[in-house]
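Engineer: Chain residues, written in single-letter form:
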Amino acid sequence: MGSMILRTAAGFLLPLLLLFSLFLMLRGHDEPGGGFIAGLVAAGGFAFYTFAFDTRHTRRLLRVDTRSLLGVGLVMAVLSGVPAAFFGQPFFASQWFRFTLPPFGEVTVSTPLLFDIGVYLVVVGVITTIVLTLADPEH
Amino acid sequence: MLAFAILSAFAVAPLAPWLHRRAPAASSWLLALLPLMVTGYFLTLLPAAADGAVVVRYPWVPGLGIELSFLVDGLSLLFALLISAIGAFILIYSGGYLAGQPALGRLQLLLLLFMGSMLGLVMADNLVTLFVFWELTSITSYLLIGFDHEKGENRRAALQGLLVTAGGGLALLAGLVLMGMAGGSYSLSVLLGEGEALRAHALYLPMLLLILVGAFTKSAQVPFHFWLPNAMAAPTPVSAYLHSATMVKAGVYLLARLSPALGETPEWTALLTFVGGLTALTGAVLAVRATDLKRILAYSTVMSLGTLVLLIGIGSETALAAALLFLLAHSLYKGALFLVAGIVDHQTGSRDVTGLRGLRWTMPLTALFAGLAALSLAGVPPLFGFAAKEMVLETALGTGLTVTLTVVISAALTVVAAGLVGVRPFIGEPSPTPKAPREGPWGMLLGPAVLAGGGLLIGLLPVPLIDALLGAALSAVQGRPAVLTTALWHGINPTLALSAAALLAGIAGYRYWNPLRRSLGALDRLAALAPERFYERAMDGLVWLADRQTRLLQNGDLHRYILTVIFTLLVLVGYTLATRHPLMPEISAQLLFHEAVIGAVILIAAVFAATTRSALGAVAALGAAGFGIALIYVLFSAPDLGMTQVLVETLTVVLLVLVLYRLPGFTRISSRARLLADAGVSALAGATITWLLLLAVEVEWSPTISGFFVDNSQSLAHGRNIVNVILVDFRALDTLGEITVLALAALGVYAMVRLRGKER
Numbered sequence: 089m090g091s092m093i094l095r096t097a098a099g100f101l102l103p104l105l106l107l108f109s110l111f112l113m114l115r116g117h118d119e120p121g122g123g124f125i126a127g128l129v130a131a132g133g134f135a136f137y138t139f140a141f142d143t144r145h146t147r148r149l150l151r152v153d154t155r156s157l158l159g160v161g162l163v164m165a166v167l168s169g170v171p172a173a174f175f176g177q178p179f180f181a182s183q184w185f186r187f188t189l190p191p192f193g194e195v196t197v198s199t200p201l202l203f204d205i206g207v208y209l210v211v212v213g214v215i216t217t218i219v220l221t222l223a224d225p226e227h
Numbered sequence: 099m100l101a102f103a104i105l106s107a108f109a110v111a112p113l114a115p116w117l118h119r120r121a122p123a124a125s126s127w128l129l130a131l132l133p134l135m136v137t138g139y140f141l142t143l144l145p146a147a148a149d150g151a152v153v154v155r156y157p158w159v160p161g162l163g164i165e166l167s168f169l170v171d172g173l174s175l176l177f178a179l180l181i182s183a184i185g186a187f188i189l190i191y192s193g194g195y196l197a198g199q200p201a202l203g204r205l206q207l208l209l210l211l212f213m214g215s216m217l218g219l220v221m222a223d224n225l226v227t228l229f230v231f232w233e234l235t236s237i238t239s240y241l242l243i244g245f246d247h248e249k250g251e252n253r254r255a256a257l258q259g260l261l262v263t264a265g266g267g268l269a270l271l272a273g274l275v276l277m278g279m280a281g282g283s284y285s286l287s288v289l290l291g292e293g294e295a296l297r298a299h300a301l302y303l304p305m306l307l308l309i310l311v312g313a314f315t316k317s318a319q320v321p322f323h324f325w326l327p328n329a330m331a332a333p334t335p336v337s338a339y340l341h342s343a344t345m346v347k348a349g350v351y352l353l354a355r356l357s358p359a360l361g362e363t364p365e366w367t368a369l370l371t372f373v374g375g376l377t378a379l380t381g382a383v384l385a386v387r388a389t390d391l392k393r394i395l396a397y398s399t400v401m402s403l404g405t406l407v408l409l410i411g412i413g414s415e416t417a418l419a420a421a422l423l424f425l426l427a428h429s430l431y432k433g434a435l436f437l438v439a440g441i442v443d444h445q446t447g448s449r450d451v452t453g454l455r456g457l458r459w460t461m462p463l464t465a466l467f468a469g470l471a472a473l474s475l476a477g478v479p480p481l482f483g484f485a486a487k488e489m490v491l492e493t494a495l496g497t498g499l500t501v502t503l504t505v506v507i508s509a510a511l512t513v514v515a516a517g518l519v520g521v522r523p524f525i526g527e528p529s530p531t532p533k534a535p536r537e538g539p540w541g542m543l544l545g546p547a548v549l550a551g552g553g554l555l556i557g558l559l560p561v562p563l564i565d566a567l568l569g570a571a572l573s574a575v576q577g578r579p580a581v582l583t584t585a586l587w588h589g590i591n592p593t594l595a596l597s598a599a600a601l602l603a604g605i606a607g608y609r610y611w612n613p614l615r616r617s618l619g620a621l622d623r624l625a626a627l628a629p630e631r632f633y634e635r636a637m638d639g640l641v642w643l644a645d646r647q648t649r650l651l652q653n654g655d656l657h658r659y660i661l662t663v664i665f666t667l668l669v670l671v672g673y674t675l676a677t678r679h680p681l682m683p684e685i686s687a688q689l690l691f692h693e694a695v696i697g698a699v700i701l702i703a704a705v706f707a708a709t710t711r712s713a714l715g716a717v718a719a720l721g722a723a724g725f726g727i728a729l730i731y732v733l734f735s736a737p738d739l740g741m742t743q744v745l746v747e748t749l750t751v752v753l754l755v756l757v758l759y760r761l762p763g764f765t766r767i768s769s770r771a772r773l774l775a776d777a778g779v780s781a782l783a784g785a786t787i788t789w790l791l792l793l794a795v796e797v798e799w800s801p802t803i804s805g806f807f808v809d810n811s812q813s814l815a816h817g818r819n820i821v822n823v824i825l826v827d828f829r830a831l832d833t834l835g836e837i838t839v840l841a842l843a844a845l846g847v848y849a850m851v852r853l854r855g856k857e858r
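Those protein sequences? They're chains A and B, same order as listed.
Taking our numbering, I'd label the letters of the first sequence as residues 89 to 227.
Taking our numbering, I'd label the letters of the second sequence as residues 99 to 858.
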């Protein structure tokens, strides 16, 4: 459906949007952002790409079935609650791990981050599934 | 360590299909190592459990009193050992049963999942933990009954089992909650000491009835017994494991577990003895009526479950001791017989007792184990089944004539069933079978050998381990220390005479099986069909109701849907506001110039969206209104909300355009009067929401909630963005619920669009 200009723009914009969505997700705990918003940005990128090209291109770009993103995201979100059990705390009590990784200095990993990545994947999966299904119901 | 042992099956289960692909022949043996190790670990707990209950707790939802906690005492250990030990042999057996088939990996996965759920069920201390594992066993049972899911019949049987047991599970949940409320704790170890208070509580009867429905559905008691024979659609190792040795005993376990808390009241005794006795008779009669090996065994299991419920209902020390002996003996011989039936089916291609004869020549080892197990089932000395039956008869004699008659009749009919399954197919002249019979592979023979051999060993010799285990279990059920032995010989007494009479009557019944079978046919309608027909009626009724209410409420007219939603909202919100906040709110907002401009833009966009004749125009106008609202969020310093709103608006427009693309052109189908009515409804809805919002601004909220988030966001959750901290940490469970709904919505859209695509 797209014109030359739209296609060229989409080719440049999608990587930028995806990068921006990662940025939004990772900074979300301290600054405006988070998995939900980031997921919407990424999904918006894919929707734009679908308009510029077609669903076939988007599917090829995504590589995975969008529906499996839903499952993977939900499983990650649930699993993020489990580590608390090993420390004698209630399910979903957040856990923070700090350690030093040579080139980067001190690194912090936490279960809310895992949860947020799960949210991100579910949101991307939901929107892309709906967009691709509506745009190409025969697939 | 304990939690690890119980939950390890869940961790290993997902690896099973992978392991099966890598090493198809060895995978079953490797996987069986896990239950063997777990068995060994449980054995080390026995001395501690014999001295008293050990409780291990992990907080789960402490705010609601829910925890992941496990209770180790004699009773839970007895069950746990049965589950893990038999589980190991079942895994090995299924390796032979489905040898070379790719589906084996899935079977191993499900069996391990079931094992973990069942272990969790019998070890659970917290009532909610128990319920969760209880339902997990129902779900794994559903998946296992429908294992061969390409047959519609199997799927129907699986669904029937699920609906009956999970429906009972809901009643159980209600009963457990009542018990938790009445006893002031959700911990079994606490509640067991609160027996006096629970029995005297006003909610005792509803509590008892609800819990009994849960236990009776799970343990296939009359009138819920019909699902168990249908569950024989499952592969045979599954029938042996779930539908004989372990899962169907979950109801019996629950009754035994709760008997110190709820037992020994007239209601308890009357209900359990009546239902248990009726179930024992029904099962025994139907077992003799059946001709399929697995169905005979299934009905005979129903009979055993009824006897167990009867014994727990009587509740004396002898009765409880008899129940535990009978339970152990039954798990051994019935497990063995099921596995033997599986070997016969696997090697000959037939399970019909009328056509199977003379297999002892071709399958001598199978015949030997079948014979041993059948003798134990029939209660012939010196097998363990005899000791168990002696105890049952002794209890019955001490209780009354009706119970004695029930037990003797069902014992005699069980002898017939034992002969049909364990003797008849193996003697006589060989008859042709669909496949030429051959001895089973030794992986499949191992299970029956150990189980049938165990029955002989425990019968012949005193096994200190078994005595210690049963003694600890009896102490736990009774709530006070007790000793129990498996001694075979009780002396010459009325019990022995009854036992011999039942045996002789059974042998006569076996000799004249055909006439007996025909004469019992008259009971068929009453015993087998009535409850199942009721179930089918109920299912049809459910579908009818769903159909009618869908036609009424979901008739496809979007206009009516929206009206329904809005009217509901108006009535509920309007009623609450009018009764609780009858005052008009004060309007004291100062409007800045740029706020007024944004407000005007939103208003114009909304009016345009409502009046335009272009669908695309309406979508764009709605989008404009949404962006205006996003701007308001940003102005009032809620950047997260603003960003979300902008993104959602953008994507909504995209989705609407995609939908509009497939719709026919815009037409006005509503009459002028209808449009006016709609406008009135809209105005009313808008006014109500405005009223609500104005009031909401005025109400002073409890300051502690938002204050807590502001104060603790940084210190507890290490985040400065409070909105995100709330989403992913403080209220992560809510978010999990929300993304689950989102995912379901996406799948719904996918399914709906795809289905329409196919219809065309």
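Certain hints may be false.
[To be verified] Cβ-Cβ distance ranges computed for the label pairs, FRET-style:
#1 B:His-247 - A:Asp-153: 14 to 24 Å
#2 A:Phe-175 - B:Asp-638: 46 to 56 Å
#3 B:His-247 - A:Val-197: 51 to 61 Å
#4 B:Asn-810 - A:Gly-176: 12 to 22 Å
#5 A:Gln-177 - B:Gly-150: 37 to 47 Å
#6 B:Leu-667 - A:Thr-96: 40 to 50 Å
#7 A:Phe-175 - B:Val-705: 14 to 24 Å
#8 B:Ala-777 - A:Gln-177: 51 to 61 Å
#9 B:Gly-697 - A:Gly-176: 47 to 57 Å
#10 B:Lys-533 - A:Val-197: 53 to 63 Å
#11 A:Gly-176 - B:Ser-813: 12 to 22 Å
#12 A:Phe-108 - B:Val-705: 17 to 27 Å
#13 A:Gly-176 - B:Tyr-673: 39 to 49 Å
What the hints contain is simulated information worked out from the structure, not anything from laboratory work.
All figures in this text were calculated on a predicted structure; none of them were measured in a lab.
All C-beta atoms in this analysis are idealised placements derived from N, C-alpha and C, irrespective of residue type, glycine included.
Engineer: Take the hints in turn and mark each one as holding or not.
Structural biologist: Going down the list of hints, with the structure as the test:
1. B:His-247 - A:Asp-153: 14 to 24 Å: Between B:His-247 and A:Asp-153, where Cβ atoms are some 22 Å apart, the hint holds.
2. A:Phe-175 - B:Asp-638: 46 to 56 Å: holds (52 Å)
3. B:His-247 - A:Val-197: 51 to 61 Å: violated (41 Å)
4. B:Asn-810 - A:Gly-176: 12 to 22 Å: holds (20 Å)
5. A:Gln-177 - B:Gly-150: 37 to 47 Å: With a Cβ separation near 28 Å, A:Gln-177 and B:Gly-150 fall outside 37 to 47 Å, so the hint is violated.
6. B:Leu-667 - A:Thr-96: 40 to 50 Å: holds (47 Å)
7. A:Phe-175 - B:Val-705: 14 to 24 Å: Given a distance of about 57 Å, which is not inside 14 to 24 Å, the answer is violated.
8. B:Ala-777 - A:Gln-177: 51 to 61 Å: Given about 55 Å between the Cβ atoms, the range holds.
9. B:Gly-697 - A:Gly-176: 47 to 57 Å: The hinted range 47 to 57 Å holds for B:Gly-697 and A:Gly-176, with Cβ atoms some 53 Å apart.
10. B:Lys-533 - A:Val-197: 53 to 63 Å: holds (58 Å)
11. A:Gly-176 - B:Ser-813: 12 to 22 Å: Holds: the Cβ-Cβ distance is about 20 Å, inside 12 to 22 Å.
12. A:Phe-108 - B:Val-705: 17 to 27 Å: Violated - the Cβ-Cβ distance for A:Phe-108 and B:Val-705, about 35 Å, lies outside 17 to 27 Å.
13. A:Gly-176 - B:Tyr-673: 39 to 49 Å: holds (47 Å)
Violated hints, in rising order: 3, 5, 7, 12; the structure is consistent with all others.
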